Every structure is written in C-alpha cells, then in structure tokens.
Amino acid sequence: MIKVVDLHKRFRHLHVLKGITNQIKQGEVVCVIGPSGSGKSTFLRCLNLLEKPSSGHIYIEGVDVSDHALIDVNEVRAEVGMVFQRFNLFPHKTALENITIAPSKVRGLSQTEAEDRAYELLDRVGLRHKADVYPDHLSGGQQQRIAIARALAMRPKVLLFDEPTSALDPEMIQEVLDVMKTLAHEGMTMVVVTHEMGFAREVAHRVLFMDEGEILEEGTPTEVFNSPKNDRTKQFLSKIL
Amino acid sequence: MKKRYILAIILTIALVLGCLQLAWATPEKQDAFLKITSDPVDAQVYLDGKLIHKYTPCTIRGLTPGAHHIEIRKSKYRTEKRNVTLASGENVLDFSLAENSLFYMWLCLPSLLLGALMTLFLTVVAEFSGIVIGTLTGVARVINNKASNVIAGIYVDFIRGTPLLVQIFMIHFGTPPILGAIFNNGQPIPINPFVSALVALSINSGAYVAEIVRAGIQSIDKGQMEAARSLGMTYRQAMSHIVLPQAIKRVIPPLGNEFIAMLKDSSLVSVIGMEELVRKAQVIVTRSYRPTETWLEVGLIFLLMTIPFTRVVARLERRLKIND
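If you're matching them up, the sequences are chains A and W in order. Residue numbers 1 to 241, in the working numbering, belong to the letters of the first sequence in order. Residue numbers 1 to 324, in the working numbering, belong to the letters of the second sequence in order.
Wrong hints could be hidden among the right ones.
Stated by the list, open to error - Below, in silico cross-link-like pairs of lysine-lysine (DSSO-like), each with a Cα-Cα straight-line distance of 30 Å or less:
| id | chain 1 | residue 1 | chain 2 | residue 2 |
| --- | --- | --- | --- | --- |
| 1 | W | LYS222 | A | LYS52 |
| 2 | A | LYS157 | W | LYS3 |
| 3 | A | LYS18 | W | LYS222 |
| 4 | A | LYS3 | W | LYS222 |
| 5 | A | LYS229 | A | LYS181 |
| 6 | W | LYS146 | A | LYS52 |
| 7 | W | LYS249 | A | LYS93 |
The set of hints was computed from the structure by calculation and includes no laboratory data. Since we're looking at a predicted model, the values are computed, not measured.
Here chain A stands alone, though its shape is the one from the complex (with noise of 0.2 Å):
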C-alpha cells in the first residue's frame, strides 16, 4: 500500500528524517512512538504530501509520488486522509459543511449525495445531532470526531493521525479513541502518531519507535511495549509507561 525507502527530509540545516524505509500494508494500523521532535509528524506529513521529501522515495499504491512537479498532489492528497493536532476544523463552516465541502468540491459529487454520506459519517462519530453547530460551540473530543468524520468523507484509502488526542482533555480522549478503534476493526489502513501506549498496545498491528530522525525498533505492539531490544527504546518506554 505505501512503500518508504531511504526517506531523508532536510530543513535548511535541520536533518529531520535520516533515511527512513518501511512499507505499510493494506488494512494494517501502524502507531508511530517516540519523543517529542524525533520526526514522527515529518514522516507523516511527507506520506501526505505535506511537505517535500529532501531525497528518497514514497511510493502509494505504486506509484512514486516523491516528486511533487510529476504528479498531481491534489489526486493522491484525496486518498490519503489526515488527522491533525488541532483538529483544523474550518470555523466558518458548520460541523456538516466541513464535512460536505471537499466531496463537493474535489469529488465533484452533488449537494445532496455528499450530504447523504456526511450525514451516515456523522452517525458513525456519533454527531448527527450536531450537523448544524459550528466548531467553535463544539467540545475539543467533539471537533476532533467531526475532523474523522472529514476526512472520512474522502474516502481515503489511508487515514494518517498527528497525534490526535494531545490537544484534548483527559476525558476527551477516550471519545475519539473510540471512534479510532471502530476504524481500525473495520479494516482502515491507519498511521497513526501517538503518545497513547494503551490505544497502541491494544489496536496497532505494528509499533515503529522513532527517535531522531531515523526508525529504531519495531515490531508487534507485544514485542515493543515488552522486550524492547534498543537501549533508547528502553528509556523512552520506561518514561512513560
């Protein structure tokens, strides 16, 4: 599904991604761990798109998108859907019209078709009652469903997650885990970048333990969590667990 070799991502003199290679399969989810500014939200933000691979290669359904001038972005941005920290829900917009606009727009699918699938999104995050509300009167785990819910709508082949509960109130959380988990056992290929090990150990078929730009250690969320062979794996857990 997605194929990563060799990626390398520079700022300036900042050397975020040191080489990292991995594949991805269909319908696994893969939970990203490590400390803060190791390169887990750049590897995620290259696999979007978001930022421009320095050197190195992301290939997406076989297809090498690593040079943005030789593809359309916007194509392969609609099959990769995003999570993010902050939600970014559009705040002119209500709950439904953040969820209808880019089928609508980029789909080209008609009002009432999008509608019809924001309503069924809605339902499946728990929020229809909330169609017509706008971000703003909505709760931090609320937002966070409805940004799910949106780039759902997309229907996207991976669905990438940049630490999608670090901005929530504890007794948010659980709310939109849940709506993760629901994904994950419906057979959603997932990335996701967190620092919840429970939801990690529990859901991730796969856990890549990052630190400083390169993928340390990985294996099964067992192997990880349990027998961490690296030393800086060891640390990181004994932390915060």
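Once you've looked at the hints, dock chain W against the given chain A.
Relative to the frame of chain A, chain W by itself:
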C-alpha cells in the same frame, strides 16, 4: 432784577425766532432719496420687485416718499427683504451681514455641505475601487508566485512610502505630458481634476487595503490551509473556500478605519482645485475674511462625518470578536 428780565426777554425772543425759523425751513413735500450700504458689498437692489440698481453701496434718487418694499440680493449669501417707509429727503438703510458668528456659520453651511457631499462621494468611490485594487494586490502578495509578489510589493511600498500630496501632483501634473507624448504628438493632455483626484485616491487606498488584506490572510492559522490541502483541494479552492472567507471577517474593521482615514486625506485634492469641503471653505474665506468661524465649521462637519463611522467600526469590531 432788571438784568434778569432782560435775559428772559432775550431767551423768549430767541425761542420764538427759533420756532419761526423751523417753520420757515420746513420744505415743501419733495422726492425722497435713499442711501443703501451693505457688507459684503455688491448686492443687487430691488425696489417693489423691480431691479433698480446693480450694486451697493449706492444712492438712489427720485423716489416717492411712503411705504416701499426693498429687497437686497447678496450673491451666494442670501436675499434680504425689508418694508420701509421713506421720508422726504435723505434716507439711509444698512444691509450689513449680521456680525453674529453663529449666523455667519449658518450662512456658510449650504456651500460647505455641498463640498462635504463631494468629499463623501470621492471617499466612497476611491475606497470602493481601492478595495478592488487592494484585494487583488493583497492576494498577489501572498500567493506562491515570485513575480506577482515582487510587483505587488513594489506598488505597495511606493505608495506607502510617498506622500499622498506628491502622488496627487504626479497624477495631475506629471501624467499629462506622458499621455500627450503617447497619444497627442507631444502636446500634453490635461486631466480633469475630478478624474485625477479619483485616480490618485483610488491608487493610494488600494495600497493600504492591500496591506490590510495581506495581514488578514496571513492571520489565518496555517492549519486551515493544510487541512484543506490534505483533503485534496487545490490551492485556489482552499484559498477561495477556506482562507479568504475567514480573512474577510478580520479585514472589515481595519477597512472601516481606512475609510475614515481616506475621508480625511481626501481633503488634499483641494490643491488641484477639486471643489470639496476644504476647497469650498478656502473660497468662502477669501470672500468673507472670516477664517476662524469657517475653518471651525469645516472641522465640525468632518467630525460629523467621521464619528458615526468610528462608532460603526467599533461596533463591528466588538461583534466580530464575539464570533471569533
């Protein structure tokens, strides 16, 4: 004793003689003549509805004594009517303007209001085209295109870095030779002050609006653009559906302030003879020699125009803050 009698007799005689003298001197009924003065001078005199003299001061002879209707028409100021009874001989009438400052200001008001209307019109039209120019320029400054960034940047820096007065002169006096060289075999084509005033004000406000629009767009969280792009929207779609609608909301209050600034700055076009509020006042002062009241009145009229707008902008600011 005797001396007293003599004095009384002399006085009595003098009194009688005086009375006689008065009786003697009383002339027979004769024509009346009328001296008319007025300030300001140069008023037309109408007697019983007929124009009898074209300017004041004057003396009109050969009038029949009795009741008359006199009308004095002072150009631009007012017409004054009076019913008078003329006696035989000399009559003097003065039609000077009231010295009262308030009354003088009242007399100036129609002319000044006409100028204020022109000021308002200039401001509204300039601001409107300024918004069109400014929005295009503001967007040109932020989009991902070096050439348009640079061109828009030069325009904005040039306009904001030079005085409006200089810009007005450049357009009104600087462009006719250029236009002439291109279209008229080197013979300068003069520009109507109204046209050059509008062009100068529009170009000027365009640059300021461009900065407001640019700031508005850049104040929108980058995450908005990223979220829109991550959904597969093109840059243009993200701009027009997501970023600009949010930016417009933030831009409205500073645009109101720009409008107020333009209302005041538009007074500068008086230097090229545009008949707006300030120019009208200058004309009045040269005629009436009363600068104190005239300029005070101009200031009050400007205040009257700006204060409502200031209030509206303040209210808008408050309301938009609540929605944010």
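Can the restraint linking LYS3 (chain A) and LYS222 (chain W) be considered satisfied, given a maximum Cα separation of 30 Å? 28 Å, holds
For LYS249 (chain W) and LYS93 (chain A), compute the direct alpha-carbon distance and say whether it is at most 30 Å. 13 Å, holds
Given the hint that LYS157 (chain A) pairs with LYS3 (chain W), test it: the Cα-Cα distance must not exceed 30 Å. Not OK: LYS157 (chain A) and LYS3 (chain W) at ~143 Å, beyond 30 Å, violated.
Checking one constraint from the list: CA of LYS222 (chain W) to CA of LYS52 (chain A), max 30 Å. Satisfied? Given pair LYS222 (chain W), LYS52 (chain A) holds - Cα atoms ~17 Å apart, limit 30 Å.
Does LYS222 (chain W) sit within 30 Å of LYS18 (chain A), going by the straight-line distance between their CA atoms? Distance ~26 Å between LYS18 (chain A) and LYS222 (chain W) Cα, so the pair holds.
Holds or violated: are the alpha carbons of LYS146 (chain W) and LYS52 (chain A) at most 30 Å from each other? Holds: LYS146 (chain W) and LYS52 (chain A) sit about 19 Å apart, inside 30 Å.
LYS229 (chain A) and LYS181 (chain A) were given as a pair; does the straight-line alpha-carbon distance stay at or below 30 Å? 28 Å, holds
The structure fails hint 2 only (numbered hints given earlier).
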